[in-house]
Amino acid sequence: MHCCDSAFFDNVLSYFLLQEMDFPGGKVAFTSKLEFIPGNSDRRVPCYRVLDQYGRLLNDAHFEQVSEEVAVKIYSNMVALQMMDSILYEAQRQGRISFYVTSMGEEAINIASAAALSDDDVVLPQYREPGVLLWRGFTLQEFANQCFGNKFDYGKGRQMPIHYGSNKLNYFTISSPIATQLPQAVGVAYSLKMDKKEACVVTYVGDGGTSEGDFHASLNFAAVMDAPVVFICRNNGWAISTHITEQFRSDGVAIKGRAYGIPSIRVDGNDALAVYNTVKRAREIAINEHTPILIEALTYRVGSHSTSDDSTKYRPIDEIECWKMERNPVNKFRKWVESNGWWSDEAEVDLRAAVRKKLLQVIQNAEKAEKPPLAELFADVYDSLPLNLREQETELRETIKRHPEDYPSDVPV
Amino acid sequence: MAAALRRLGSAAHWRGFSTACQEINKSGIHPQHGGKATNLCSAINQALHIALESDPRSYVFGEDVSFGGVFRCTTGLVDQFGKNRVFNTPLCEQGIVGFGIGLAAMGNQAIAEIQFADYIFPAFDQIVNEAAKFRYRSGNQFNCGGLTIRSPYGAVGHGGHYHSQSPEAFFCHVPGIKVVIPRSPRQAKGLLLSCIRDPNPVVFFEPKWLYRQSIEQVPEGDYMLPLSEAEVIREGNDITLVGWGAQLSVMEQACVDAEKEGISCELVDLKTLLPWDKETVEASVRKTGRLLISHEAPVTGGFGAEISASIVERCFLRLEAPVARVCGLDTPFPLVFEPFYLPTKNKILDAIKATVKY
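So the sequences go chain by chain: Z and A. Heads up: the first sequence at position 374 corresponds to 627 in this note's numbering, and the numbers run straight through without jumps. Heads up: the second sequence at position 242 corresponds to 766 in this note's numbering, and the numbers run straight through without jumps.
Each hint should be verified, as a subset may be incorrect.
Stated by the list, open to error - Lysine-lysine pairs mimicking BS3-like chemistry, simulated, CA-CA at most 30 Å apart:
hint, chain 1, residue 1, chain 2, residue 2
1, Z, K621, Z, K588
2, Z, K577, Z, K566
3, Z, K450, A, K881
4, Z, K654, Z, K326
5, Z, K326, Z, K611
6, A, K802, A, K881
7, Z, K449, A, K607
8, Z, K533, Z, K621
9, Z, K654, A, K560
10, Z, K654, Z, K404
11, Z, K280, A, K607
12, Z, K404, Z, K588
Since the hints were made in silico from the structure, they are not lab data.
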């Protein structure tokens, strides 16, 4: 090192002035004040919105106008999702399917986030985002086939209802454990980046999921790997019966992005236009700047956690009703679409009648279809059957012959 | 830590192997013949070089792998293949495996390193609930078969609780993954290349005691050894011994000593623990009529129990003595008491004699 090296002089100077320390990762300024960084700021992170609660466009809103075609498609899909939820929920109550999870109250996040993506963007869902699949063209029949676990279910009847997946639609198969998809999303995104794809990964998690180690692992990995992942947290206030005040002490989720060096934003999850604009912008940044983005969408789980839960046991009915009626994201978006002259009562009646008819028909079809054959019990554990599974299959088939009465008759042996 | 562990080797006694396998690879390389004297660490390193060279969609990553890894198994990889394909990750095992699953699900060969098998447990959920079920739960729409998780396991002389464990049995209870443990440099290279290229997720435990202690002629080229095929590495008539990894060298010494006392032992290397080759073990026990299993992991719930139960089911009338298990004690892996804890040569020799005389 030479004395004329200016960096050397800078270092010497800052050392003597004690203004900053050269530390791995960049210089750190000194201070003589003994001050802790507060755990929370006085001002909570604001929530980006485009529409007010009555569906009126805010004057100063930053947003990109959507076309009539896209707006109507978003609205129609939100209605279809709402109706699929209510009819499949009823099917569970009638004992026709074993389990169901609704997305009620979160239709805007589901559909508007999907609408903002390209079909090449890869989705790693939690389980309350079937609307993304619906938007991408998964048919109501395909949804019903999965819920009934029939031979047309791509998952071959192996998982509980609502664990959808579609390779064709770039939508990874859902698994029940919470937040496990998040670190996987980083690996998928790294692959997209290495393959120089014009695409990102979008992965979803709830507020409860942000307490899992996998959430923190994934944000940190994504930041360090410069991976194009858009993390969308549906902060719906409740993880089964656990309220967010029992989940974390931070100002929600968006703020956590900063600790990992990730840009983040809080958005009104019940404002479809705001969600659409946020996700659209986020994916552009993620792809062009090779960075993850964290979106916290504030919403409310209007339904119970699942059909195995009764949420009125742990939260006030007034609260549920308020979000269900006054803050309903479908109604809000409808008002805006109508205000543009793109929707009418007549269109509404026609849409609902058509979706309802279709749903009843697909449920009937799915119910009538055969279950997957017994061989599917053993297939796909590995790419091919190892010896132990071949032996167990043979043994099971012999047992079935001896005791056919012990086994369901609708599974072809 | 790395420096301390590099010193561990000097405390270890020499462990080596003679192998006697007949596979011939497609490439024309005889995996059991020829090559250069190579230790197990270098054999792993060679396999990783070949994997990265032969498939441009392969990646090596984990804690500290860029500079060569704490055991030096990844030395030189970043120089040759660049930091986009060989890279450090944050210190987070669940992140490493989760990331690897996603990478593999996109059709890549994801070769993840967990620095010590003792630290694999934060990734247990990702391995058990995610990697293992990825293909099955999606009806084969998705799979993470390109994932291989490498991790050094086992006793090393003074590793104590958290640098010595053998957690293989936990993973052998999980349909959907494969579990492979090599015994020697030649085996390590051929098996690791098979694991990397196998279309299923694999947990590959490397006997860290042998990284430098085990030296063998290893072919320099690309070759693979079959998974789920056990190998009789020493023929005998009086008793069958089954083991894997580093423990085989201890067992082999017991076989040599038993021979001096007129007992002819057959030694079987299981190599792949899941799905395991029952047929080879069964054939051997049908010949000898006796079975001894030995592993470093605690005896209760160890994989030896599974082998014992399976062989009793199949060979009950042929067995002339109870199946013997010479394994680690049901204690945490101890530091000062390591020589007491381990299934040593004389413990095995005693069990051989007791079983033969039963």
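Legend entry - Hint check, failures only: Checked against the structure, the hints that fail are numbers 1, 3, 4, 8, 9, 12, while the rest are satisfied.
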